[in-house]
Structures are given as structure tokens and as C-alpha cells.
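Number of protein chains: 2
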Amino acid sequence: MTASRTGVTAPTGFRAAGFAAAIKPTSSKKDCALVVSEAPASVAGVFTQNKVKSATVLWNQEICRQGTAQAVFVNSGNANACTGEQGLRDAEATAERVAEGLGASRDNVCVCSTGVIGVPLPMDRILNGVDGCLASLSPEGGADAAVAIMTTDTVPKEASIEVELSRGRVTVGAMAKGSGMIAPNTATMLVFITTDASIEPGPLYSLLKQAADRSFNCICIDNDCSTNDTVLCLANGLAEAQPLMPGTPDYAAFGEALVSLCQDLAQRLVRDGEGATKFVTISVSGADTDEDAKMIARAVAQSQLCKTAFYGNDANWGRIACAAGYSGAPLNPDSLQVWLNDIKVMEDGRRADYREEDASERVRQPEFTVRISVGEGPGQAVFWTSDLSFDYIRINAEYRS
Amino acid sequence: MTASRTGVTAPTGFRAAGFAAAIKPTSSKKDCALVVSEAPASVAGVFTQNKVKSATVLWNQEICRQGTAQAVFVNSGNANACTGEQGLRDAEATAERVAEGLGASRDNVCVCSTGVIGVPLPMDRILNGVDGCLASLSPEGGADAAVAIMTTDTVPKEASIEVELSRGRVTVGAMAKGSGMIAPNTATMLVFITTDASIEPGPLYSLLKQAADRSFNCICIDNDCSTNDTVLCLANGLAEAQPLMPGTPDYAAFGEALVSLCQDLAQRLVRDGEGATKFVTISVSGADTDEDAKMIARAVAQSQLCKTAFYGNDANWGRIACAAGYSGAPLNPDSLQVWLNDIKVMEDGRRADYREEDASERVRQPEFTVRISVGEGPGQAVFWTSDLSFDYIRINAEYRS
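Residue numbers (the numbering used here), protein chains in the order written: chain L, 12 to 412; chain X, 12 to 412.
To be clear, the hints were calculated from the coordinates, so they are not data collected in a lab. Since the structure is predicted, the reported quantities are computational estimates derived from the model, not experimental observations. Check the hints yourself; a few may be wrong.
Chain copies aren't distinguished; within one or between two, either way the pair holds.
As the list claims (entries may be wrong) - With a cut-off of at most 30 angstroms between alpha-carbon atoms, the simulated BS3-like pairs for lysine-lysine come out as follows:
(1) K40 / K220
(2) K62 / K35
(3) K220 / K35
(4) K35 / K355
(5) K40 / K355
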């Protein structure tokens, strides 16, 4: 693997491309991406829970049910959501154009969109984008593809990881986009993972779901769950390694690598959150169950008042306690303990003995951890969140116009 | 009733006062308020659902269980929340000082606090505030009291209404504060309602709960449910009118007046929301049940992306559809219709035929209605919300420091 084979093209047998097709007429950035496997691959996907789904989500869910895919085409600039029958026809026509170019089956081509909702795809430019990508596919094309899927992201997000198996080695690569409409279940974003591991679609889905639950479903920028959230994983089996069978150490090792890769990407999504100036880890322990701990962590991670306090360098643990209190999880207020990094600010439900300047110094950092203990139970959870800044408002008040 | 007997002092037999006690040492505004009934009154209360409750909420809940109160003391500048045993003792000592001054029972004195969480009450100044209020009680004191309970509010909020009964007439007066930490169940705020009607505590609670559900539980500024939310109603029976008995037309008329008064105040809380520049009504119809409709209305009312779009004059109905889709309520995306005032922007799940400038013109107004129809069902709901602006961030990033 050379240094230039990054992201989705890091594993054996994947090519990719990015192309500028002016999906938004005023934009000259790359806005179409294509990822292609040399051979048909096992595919699994995790999708938005929103009842209003992009046409592309419906299309990809069908492909994941079948279990085989060979390519993923992505456009930014238009979400192809709330576009009715036309949206479904457009997704199909896009897949067909990709399939023709590759000599593959239309039913093995995933199609993803991200951008403004409610505007039909500009199909002439989309098809031009398909052709442009097909013409520039390359084993070094991962970086271009990662740029092409960006919307309000400020940096492209690529990752790869190698996993030593008992015999042989496999590589997992990925790219991700998303910095607004980020909320748990699923965080709003597109994530594409490729691997040269050999694994059946069912087991691949189990590992992907587990990884998403421990990464993309534990982050929060705003609280809006989009119409287009998608995590897709293609496994083409082209590495020289034995197939991954559930219940084996290799399978577990691959699963852990997938979690690690997804957590890395999820944290980078938060760091690049719209207007974010802080990266804050919310760690909850002592709850009765992990689910209770997650409710508390999520409430704090989503609280506008906590997030504006983080932005304002304000060690306002009262807002943290308040959010924990309305999370819906069982809670004894008199057992609440809160730390900002190493500084205990709340003890047994009231102010701990600390110096305000010490606490302020902690929240002034670009990264810090809010640790919350709610009792003696075994339940714990971690969430990653950003602060809420002026720039979030600027970006989202001006985004569409 | 003269023009100067406003708000909580509008009904017969109530006096009030506001006093500047420097609860926040740097502030010279009135920050203590006292409302007193000439005679012990029936009392009912609706309180925060937060598991982390102010000591004052626990104190008032106990008084409401007993059903009789004669006075309400309120301080702004400090929430007396997360203050442990000390907080309870301070609430009790405050009530005691009021009771001594009035020659009343300590157990008939409600105590409310609003402001920063986690700091013990400055009891010397609180008791000084009690004395100052006692010395200036007046039948014209409603306006001063309404100013004294403000925190980040920019205008005091008073209201009164007269209700003609079959024999006689009663008056209901009120004051409210709250512009941040506003979320349904219960919106974060303090509301004090007085009336000279004669009504038992049980029926009074039923009517108050109904009014709160149709007003304060249908508003949203941010999504944080505070530790101190309180709606208290005192009915002293001093009007020359017969007692209100459940099941009678008079009881119903009084209940409707209470709803109307609470809706008026709730809408004014939203209009004065932190940083709010828009007042937006979210009206949902066609759901299977009222509860489903409420879930959808709440999701749209709370959505940061919808609220920033409102702020940005962006007729971004895609974000509205998106929020409806993740609300958790059953929803057929193809049945979604959305109007901005009179302009239909979404029809059968996709863009309706409208001119963008017409839709933009509607959301550019300081007040407009988002009407959402999700099907043919009987369920409907209305929510009132604000936009999310730069000033919200400024206020909340800087509030405590």
C-alpha cells in the first residue's frame, strides 16, 4: 500500500474518483464521487431512522437486502429527498449510467445524495458527473472522492486501518462527510467503508451495526436526524486472507478494527461540526444500565444551554446537572457527581469544593471531558459533542440561500 | 379596578411589591417580589418534570399538597437548585421571615427562585429582600413584582382577565418570567396567577393543569427543561361571587378564561425568547391522535435547523419535513403537506408549485404560521416557537460570567 492509496482506495481492488459537475450551479468544487470494487462485494448498510427518507436511501436499502454491490456513486449539493416518484426514477437512472460504464448490474450500484432537500436532481449534470467519475477512476482516487462528498465540512475525512488475521492481513478504508444535521440514531452523515476482507453480508451487517452504535450513534452536533444518513460497507474479499467467520478470533479482531475506525471518523465529524470550536467528551458512569447512561449523556450532549456554556468558556455545571435531570433516566439528584477533566465541580448533588478559575481553565481548552457519575450502578456511556457558536447560526441561517 | 391594579394585584384582596436586594451583587434591578392575599387562599401548582429540582420546588409542592397559601415570595438572580440540605433550610427560613411579617403560618408561604444553579442563596440579602417587600406591599404593586422576577427577560409580563359568572364577576391576574431554558413539560419559567374566585384546591388544580397543557407545555425557545419551572395559582374567594363547582357552566367559563390567560402569557414568553426575532406558530393537523400531532409540532418547534432557517428568512420546508420525519410519530411521507401562511410549499411529500419569492416573503415576517398536514386523521396540535439567532448564543455564552 502506497501513501497515495488513502481512504476508500486503501484496500486491495478499489478505485475511486471525484469530479466537479456543478450540481449547485454556482459551485466549482468536486461534487460527484464514485467508488468501485474490481469484483462484486458483500454490502451492508445502516440508514437514517427518519420516516422521511431520501430516494437514495430507499434504493440502497433494497441493494443491501440483496447483499451484493460493486459501486457507490455519491453527489453532494442536492439530497434527492422529498422528491417523490421522480426522485426514485432519478436514483435508478443514475445507478443505470454507472452500471453501463462499468459493465456491471444496475442492482449492484448504490447511489447516495447529500445537500438541499426538496429540489429534483439536475439529471443532466448528475449524468455528466457519472461520466466524469468513470473517466477518472484510479486506485489513488480516494482523496478526490473524499473531497467530492463534502458539503459544509471544512476538511475531508479519510481513514484506513490494517488488521492482522491469523493468516494474512486485511485493510479497511473509509471516507465520511457531515458537519450539520448531526444527531444520534443515526448521526446525519454519509460514511463509506471499503475492505478487502472476505465476509458474508449478514455477518458484515452485524459488525457494521455494532460499530455504528458505538461511534456514529454517540455523537451530536445539532439534534436533527437527516433524511439521508447512510453508512455503507463493501467487502470484496480480494485480500489474500481467509474468510471471516462469526465466532472466530479473526472476526472479533476485524469487528474491533471497524469500531476503532468508525470512532475515529465520528470524532472527526464532531471536530468539524458546523461552527464548532470545542470537542467535548461526555462520559457517564454509575447508572443502572448502559441505556440509562446513554440517555443522560445524550441529554447533556444535546443541551443548547450546555453547548453555549462550553462555547463561552463557562464552567456552568448547573446546566449539566439540569440536563441530566431532564434526560428521562432514573436519577437521584443527591448522588450526582460532575468533573471537568480532573476538577470535581459537583459532589453529592451540590457544589464541590473547587476554585472557579481552575474549572474555567478546563473548559477554556479546545478539548475536555465532562464526567458524570450518577450512582453505583454498572451502566456507562460516552458521547462526543461540540459547542454551539455564532458560526453555527451563521452557517445555518445562510446555508440554502 | 383601577388601571394601576395590574397583573397579580388585579383581583380583589391581593397586594404585591418588588424590591432591589442585590441578590446578584452587581445588579441594581428589583430582584425580590412578594404577592400576598388578604385571606388564606386555595393554592394549586404545576411544576418542572426535571428530576433535579430546586429546593423551592420541593417546598411549594408540599404546600400545594396541603392546598392553602397566603403569600408567594420570589427572588431572581439565584435558583437555589443543586444546593442540598442548605437549600431546603434557606427556603424554609425565607418562608418563615415572610410569615412573621404577615402574622401568617410559615406553611402557607410559597417561595420561588430563579437564576444561576448551584450557588447557595445569599440569605442576608434574601431576608433583607423579604423585609423590603413587606414594607412596600401595595394593591398597586403588581407591576413592581413583575419586574422583580425578570432574569434575561427584556419586558415584564402581566395579564388580567375578568370572568362574568351567572351571579357576580371574578378577576384573574398573573405575572410571568422566562425567556431561556424554555421547553415543553414544563416550559422553564415562573408564572403566578391570582384570582378572587372561590374554588377548592382540587378543582383549581384540574383547571390549572388543563390550562398549562394548552399553553406553557406548547411553547419552545430552547429545549432545556429547568430545575425551577413553576406555575402557581392562588384563589382567595374574596370576589362577591358564588363558589365554582366542577360540572357547572361557571366552572367551565372560569377554566376557559384561565386557558386564555395562560396562552396569552405563554405566547409572550416566546416573543420575549432569548435572542428571538420571530414568533412562529406550528400548527399540525391530520394526525391519528392529538398526541402524534403534538410530537410532530414539538419536533419542528425544537429543531435547530428549522429555527436557524426562520432566523435566516429561508423558506426551507425541507428542514420542516425532515423534523416531522424524525419526530417519532407515525407518518406517511407521501401525505405530507406544508404551508407557510397561505403559501403551500410542500404537497404530497414533495415541492408544491409556488414561487420562491412568495414563500420567502412569508418567512421574512416577524410572525408567521407553519401549517403541516400529515393525513386525514382527527389529531391536531399547536406549538409556538421562536427562531434561533446570534443573540441567543451571545446571551447564553455570557450569561453566568
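Q) Which numbered hints does this structure break? A) Numbers 1, 3 and 5, in rising order.
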